[in-house]
Every structure is written in structure tokens, then in C-alpha cells.
Amino acid sequence: MVPATPIDNSISVDTDAQNTIQPYKDSMSTYMNEVIGELAVDMKRLKTEPETILGNFVADLSFDHVKKLYKLQQIDLEPSMCILNFGGLRTSLSKGPVTRSKVFELMPFENAIVAVKMTRSDMDSLFHYLARVGGQPISNARLSVSNNKPSSYTINGKPLPEGDYWVVTSDYLANGGDNMTFFKGKERRSFIKLRDAIMTRIETSSRPISSEIEGRITYDN
Amino acid sequence: MGGLAIAGMSSFTIPLSRNRRKLVILHTNDMHSRIEPFPADHPKYPDLGGMARRAQIIKEIREQHKDKVVLLLDSGDIFQGTPYFNMYGGALEFKLMSEMGYDACTMGNHDFDNGIEGFLNMLPHAKFPFICSNYNFDHTPLKGRTKPYHIIEKQDMKIGIIGLGVKLEGLVDHKNYGNTIYESPVEKANQFAAILKKQEKCDLVICLSHLGYSYNTDKISDVTLAPQTRYIDIILGGHTHTFLEKPEIHQNLDKKEVIINQVGWAGINLGRIDVKFRGKRKKEISAHAPIGLKKNYAKV
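For the protein sequence lines, the chains are A and B, in the order given. With the working numbering applied, the first sequence corresponds to residues 11 to 231, in that order. With the working numbering applied, the second sequence corresponds to residues 321 to 620, in that order.
In short, the hints are calculated from the structure, not lab data. It is possible that some hints are incorrect.
[To be verified] Partial list, computed: chain B residues near chain A (C-beta under 7 Å):
| hint | residue |
| --- | --- |
| 1 | ILE355 |
| 2 | ASP367 |
| 3 | LEU368 |
| 4 | GLY369 |
| 5 | MET371 |
| 6 | ARG373 |
| 7 | ALA375 |
| 8 | GLN376 |
| 9 | ILE377 |
| 10 | PRO403 |
| 11 | MET407 |
| 12 | LEU412 |
| 13 | LYS415 |
| 14 | LEU416 |
| 15 | ASP493 |
| 16 | ASN589 |
The structure presented is a predicted model; accordingly, all values stated were derived computationally and were not measured. Heads up, the beta-carbon is just placed ideally off N, CA and C, and yes, glycines get one too.
Next up, chain A with everything else stripped away, as it sits in the complex (with noise of 0.2 Å):
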């Protein structure tokens, strides 16, 4: 609980710190402001659907991330799927130009890009989970939903033999966040920040950045 009598606006304002902090906020202002990139098409943030531009857009670059540095041979883990979480991308992102405050607000955590070693029955409660859910944020896989269970699931268009994978998430949702508890207590690897990824993406492309519905996920019933 907050006590009731917190350092509020009745405060004044000490002149001498303000004026050390307001060089330091005009150029961060100019920084946060500067556009990065810009986007080909809306990204909705949107709870309701069981695949959304905007959560396809951000699965795929963490996936891309690890997967990359996997092909440079900087890291003998191959990633095989990727899965995220609508509640965690927290902004919608217009068509247009992209500045860094946008991504900020897209996502003000600090969460990592980790990748978590799944056996071939965690990926069964990995899917069962997205089915039951009504569906997040996935890349390199697709699910076919009936009576809220899944009917069938790929991954990278293949069904899955037994064996390890590799699962691309985020360090929050490795830790069980949004109930995903099979992730709890497995091995896992650490990367960059999921919002120094998002920078990266937009940054580095050289053309306005699009993604698309591509049914992932899917519910015949």
C-alpha cells in the first residue's frame, strides 16, 4: 500500500536540481523524439483475437534475433519457435513514422529476450495453453484450434518429433508470467532486452516495415 502523504505536487520544485536535470531532459527529449523508422501498415493492440499484426510483428523480430545469432554460429542453440504475450506489448503503433518514446511505450518493461529448452510433451502444454487461452502472440509455428484444444499444431511447418526445443520467449514469461507455468524451472539462455530488439528491427530496416495476418493461430469452432 502507498501512505497517504507521499512527495506530491505540493512540493515545491528545488531550482538547483531542476536545473541540473533540465539539460539532461532537453536532450534525451530531442532523442526520445527522433523518428527511427516507419511502419507500412496499424498495428492494433488488440485482446480479442487470437492473432494480431502487432504480435506477430514482435514475436517474429525476438525469434529473428536469436535465429540469427544461431546462423552466425554465436550460439549452438537453434531456436524453434517463439511465443510472447498480448498483455505485454502495451501500446497500439500506427502506419507511419516510428519514434523511440513510441517504442518505449510499446514496451516500458525490461524484460530479455530468453530462449527456454522444452521437451516434446512441454510443447504439448505449450499448445494446449495458446488453445485454451484464446491464442498469443507466435512465429515459426501455427495452431489449429477445435472445442478449444488444439487439433493440430506445426512448427516452421513440420509437426514435432520427440526431442529438445528451443523456445524464444521473454524472461517474464519464462518466470510463469501470464500463467505459462511450463516454462518454470527449465534451462534457459538470456539475450538482449526485448525493447533493444524492437530499436534494432525498426532501425535497421530499410523500408517501411509491414506484417500481416497469416492465420497462426485458428479456431474452427
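Starting from the known structure of chain A, arrange chain B on it as the hints suggest.
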């Protein structure tokens, strides 16, 4: 427990002696780079906090208590939480704290977020020492840049300070803490508190803790630390962002009183504990509700 008033002051020991020395301890924890107040439309803490307001209130308290020693302390996690940290790496936090006259701080887990090097690079902006009693930095570039304990001598008062950090493994990315060795908080607290009280004859020993207030597990916390220690008078906590309504009284190994306080996070509140010394050994510790920089302030 008990004996401390919810607001204002109330004493729980009244020893007799003439020699009165007075101390006002102000403290913060987990400020998390919250330089400016929260936005006015913030759902939980609208327009609360702000370092320039804190600077103002501290200035006023110093002005009002010229006859007393005012100590200003922080229990860690100065870094991380707003773009100010992402952009400037903590320089502005340290500068403002130096201007406010912080006397000592300990390190929280987030103070490692830019790595040992990132913290080291910011140290020139901090005109106050970091007290780390249970982080062994001997095999890192931070070697010799923090202190295992610290003594502040002002106006015939000798205040000893130790600092306890939380276990880093599993909480902080390994590459960020490198070869830092986490040592037992209980062992180190007792070792250095004994030096401060017995050898150095400090009038008061304060523990700046980033262990956390309390847990459901057997993990070490301020509440489980207190009964395992000797010679610590006050534990100023952090890490769990706990908004204690008022400082609490716990007991140490010798059944002597230990005050525990923690004031939430983000600089929303400023903690205050007053101590009056009467003679060599007796002291009277008065607790305040967290200083709101509003109502309670008038009662200070």
C-alpha cells in the same frame, strides 16, 4: 512490537542523561532512475515522486534541523526504470544525489544492469561512498572502489554503516556481475557490525540492505536477518519495494531492538528516523511515518 506511533514521533526508550546529541536519518530505496515525477495520468502513482521535489524537502529539513546531524542514505537500485538510465547510464541519478548530499549508499541488483564497467564509469559522478559488505569485488574492476563498512563522524557522533546485497546468481545476468563473489549476508553483517560497535565504538550501526523486506521462502531478508545479528541498530531496506507504513521494531540475537524500515520505491516517499543520544550508551530512536512531503512533513 509496538511502541512506535503511526505518524509523528513517539519514543520507546527514555533514558536519562544530559549529553544530548541528535540525529535525523533520511533514507530512500529503489529509486529506479525516477528523475521526474510519474506522469499525471499514471494509474497508480499520478504525479508522485520527483528528485527536484525530494531535493527541496531535504533542503528544508536540513534548514529546520541545523542543531542536528542529518544523514541521507540509500539502499540500492538507483539504476533502471526510465529512459534517463537507458540514455545516460546513471550519471544524472548520481549527480543529483551528490547535490542532495547523500552520505552513503549500497548497491542493488539493478545497479549491475550495465555491468561492473557500466557502474564503474558512473562512479566519478557520485560524491558519496558505496558500502558493500557481502559483495567481494576483489577479482573485478570494482576492487577497492566500494567499502565493506564506513564511519561517519559528525558533531561528536560516530555512525557506522554496513551494506548488504542480494544474491546475484539467477537475478542478474552473469556477464553483468562477472567475478563478483556473493558472501553470506549474516556472516558479513556480524563481522563488520562487531568491528563498528566494539572496536570503533560507534554510537549507532546502520545496515543498508538490498536483501528485501520478507519472503514466503527461507530466503534471507531484513526480517530474518535481524534476529541473527548483533550490534545493528537500524536496517534500512530495499529490493521488495515494500511501502511500510512506519518503521518496525524487531529483535536481534541478544533480544535488543532493531528498527527495520523500507519506503516503497521510485522516490515516492522519503523515510525518516530520528535518534537522540543521551550519554554514552543510551539512545532514543523515534520513528516517523514515511515523510510525505505533505502532511507529515508539517509534524517533523
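Here is how each hint holds up against the structure:
With 7 Å as the threshold, the beta carbon of ILE355/B comes within range of chain A, its nearest partner Cβ sitting at about 6 Å, so the hint holds. Interface restraint check: ASP367/B against chain A, minimum CB-CB distance 5 Å, threshold 7 Å, status holds. With a cut of 7 Å, the hint placing LEU368/B at the interface with chain A holds, because the nearest CB-to-CB distance is about 5 Å. The beta carbon of GLY369/B comes within 5 Å of a beta carbon in chain A, closer than 7 Å, and the hint placing it at the interface holds.
The criterion of a C-beta within 7 Å of any C-beta in chain A is met by MET371/B, whose closest approach is roughly 6 Å, and the hint holds. Checking ARG373/B against chain A: minimum C-beta separation of about 4 Å stays under 7 Å; hint holds. A distance limit of 7 Å between C-beta atoms decides the matter here; for ALA375/B the minimum to chain A is near 4 Å, and the interface restraint holds. A distance limit of 7 Å between C-beta atoms decides the matter here; for GLN376/B the minimum to chain A is near 4 Å, and the interface restraint holds.
Using the Cβ-Cβ criterion of 7 Å, the hint placing ILE377/B at the interface with chain A is satisfied: the shortest such distance is roughly 6 Å. At a threshold of 7 Å, the smallest CB-CB gap from PRO403/B to chain A is about 6 Å, leaving the interface hint in force. Nearest Cβ of chain A to the Cβ of MET407/B: about 5 Å, under the 7 Å cut. The hint holds. For LEU412/B, the suggested interface contact is upheld, since its CB lies about 5 Å from the closest CB of chain A, less than 7 Å.
At a threshold of 7 Å, the smallest CB-CB gap from LYS415/B to chain A is about 6 Å, leaving the interface hint in force. Annotation: interface hint on LEU416/B holds; nearest CB of chain A at approximately 6 Å, less than 7 Å. A least Cβ separation of about 5 Å between ASP493/B and chain A falls short of the 7 Å threshold, and the interface hint therefore holds. The criterion of a C-beta within 7 Å of any C-beta in chain A is met by ASN589/B, whose closest approach is roughly 6 Å, and the hint holds.
Checked against the numbered hints given earlier, this structure breaks none of them.
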